[in-house]
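Asker: Here's the letter readout for the chains.
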Amino acid sequence: MSEMRLPSALHAAPGSGAELLSELGLVLYCGAGIIFIVVVALALHATFAKPSPAGTRAWIVGGGIVFPLLTLFLLLNYTLAVGSAVAALESGTALQLLLDCFGIDAQKRIPPPSPGTMRVHVIGKQWWWEVRYEIVRGDTSTAVLANELHLPVGEPVELLLTTTDVIHSFWVPSLAGKVDMIPGRTNRLILRANTPGLYRGQCAEYCGGQHALMALYVKSQPRREFETWLQRQARSVTRPDDAFLLAGYEAFFKGTCPDCHTVRGTPATGKSGPDLTHVGSRYSLAAGTLRNHVGTMAGWIAGAQDIKPGNAMPDSEIYTGRELRALAAWLGSLE
Amino acid sequence: MPQLVHKPKRKALLIAAGALGLVAFGALSGAIILLSGAYSTAATTQHFKVTHQVLDAGLRLSVRASARHVRAPDLDRPGMLARGVACFRTHCVQCHGAPGVAPIPAARGMLPIASNLTQTAREWPPEWLYYVTRKGVRMTGMPAWEMRIDEDDLWATVSFLTRLPVLTREQYRRLATRAEDLTCRTPTGVPFEGSREYAKVIFRQYACHSCHRIEGVVGPRAHIGPSLLEWSRRKFVAGVLPNDERNLIRFIRDPERVKPGSLMPRLEVTEAHAREMARYLLDEGAR
Amino acid sequence: MSLRALIAAATLVLTARQSSSDVPHRITGDVQRGQQTIVRLECGVCHVIPGIPGARGRVGPSLAAYRRNVYIAGRYPNLPEVLVRFVRDAPSLAPDTAMPSIAMSEREARDIAAYLYSLE
Ligand SMILES: [Cu+2]
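Residue numbers (our numbering), protein chains in the order written: chain A, 1 to 335; chain B, 1 to 287; chain C, 1 to 120.
FYI, nobody ran anything at the bench for these hints, they're computed from the structure.
Since the model is a prediction, treat every value here as computed from it, not as a measurement.
Be aware that a few hints might be false.
Partial list, derived from the structure: chain A residues whose beta carbon lies under 8 Å from chain C [stated by the list, open to error]:
#1 Ala58
#2 Lys254
#3 Leu290
#4 Arg291
#5 Asn292
#6 His293
#7 Ala302
#8 Thr320
#9 Leu324
Positions of the beta carbon are idealized from the N, C-alpha and C atoms, including for glycine.
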């Protein structure tokens, strides 16, 4: 976790849309600051200097009409340019001209998706995120996980953002602006990070009682590492051999867990909760609420309603102490 | 005119001030005695004679009032005496002694001392004996027996108490020997099912509050066992079993069997009492 | 005179309480670091722990006033060395317990124990 970047729009990752947005922010803040200082200076001048009728008209026309028009025109176009640069639009002559005017070079632009661009579905749920990788190259297996997204460094990845309940908003401040997830619609967002790192995101649209505990992690990692990770996520699991882990496996099926959770390779095919096939590999549990280790795992299973009141997962109420530990150990072993 | 109105007012004020002063003086002296530690809590110091007489009279008057509605059943039914003897020799003789039998050493040093019941039985009606045996006497070593002796055997005990004054040493010995195989019965049910007030009595009668903190039960701030405050929200019983009524009853009745090595002792809790306590604990949140 | 007696009595009452609860809990650990470790390991998902933000779990018992607890997990006397071991590896002392063995160093366990003993 030490590699975690500050979840802040002011600490944008190089090569990300957030970088352009933070530059835009900087220009707006500095520009507004300069204008403010000039206006205050003029106001002071008007108050304390001797009145002189000379040049009044020029001030009114210059300061009241020409200056605002010019400034607003430039800013509007700059904003449009940044907006299009991060929106992954198809290139056109006009757009290119606009970008060139403001010195936004092709490197910085978020490119439009090409047939080879990897696509990931991110589905907002109260109060967690389902993540489904579309695996290309004829592979039929799927990699489904929750509350965590991995990207190969420097490559754009297209996110298809949807929701199965209410409006959520996908926001990873260091990587891109907010994009709402709206019932009945699919919104798109292209993410790219040019350096490896771990970024935290947060739902940015109030979506109910535990909205504040709906976070996620995005990890950008070298291509090779990413592929290994993705292949591992696509794999299914087998019954454990170790007696203690087997006790945990059996505890899982003794409870109602399979009604809501899928563990690929086992009879558990529930759909309403996160896919747990590789839950042990995640940075967090319950959408960024807890770190992931055997203690938090056991605590979550026994007391999900104390930790995140009102969430869709009930407290388990049937396990002995040893069963709970075994169950947590088994889930933790699913890396 | 104004003078006339004024004078009684001032008098009233003076009286009020005097009364307040007296109260304050009393409270202050009480506080000084308490804080200085001058009041002895040693069991070797004796009460003043008058204190003793007042307390004794207080006990009699209180018992008389409380036992007003008690009606004694027929105390001469067959078998009753024998069971009464059984209860007396398991539960009472240790403190109160019997004809020709001394109280055990621990009971000889108590203040107030457990009375010799041969005299009490001569002077008190059976209803009073029943009431005191059932409810105990607070601030003395006399326990309440209603949780440990069932209704029939409480009366059997009283039946035996009424014979005490007429027994010789030899007669008592023979009765006691004959009752050796009989056991004094514990109650199987509870008089008020589901009553939170009665559940609090049960906790106290099993000394749970000597080791635990329990909602609504006044006791020492004990840290022997875990606090049972807000119990209904707890997920596990003793860290090993899911927290539901069945498991809670099991643990309360026999901790060692649920959790080998547990330092909570077995308190011979009846099933019915354990259920009342478990419901009380698990219901807390519902109030 | 009475005032002096009163003050003397009051101080006596206060000091007597402190010194008596001090005896068995000497431990070489850092209270502040212990607090941070408890926050980092999120023991609060299972325990109510005073001084730890959000620690309101009910899976295990409350750890409030831990210094005054007589027993550990209802099985062992509350001695520093036992506590250090229990915090680090509860199942080794209580095979049937729900408290898992959470990875931490010996020093971290000592710090945690020191923090728990700071809870009056
Ligand atoms: Cu939300």
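Asker: Each hint needs a verdict: does it hold in this structure or not?
Answerer: Hints versus structure:
no.	hint	verdict
1	Ala58	violated (61 Å)
2	Lys254	violated (15 Å)
3	Leu290	holds (6 Å)
4	Arg291	holds (6 Å)
5	Asn292	violated (10 Å)
6	His293	holds (6 Å)
7	Ala302	holds (5 Å)
8	Thr320	holds (7 Å)
9	Leu324	holds (5 Å)
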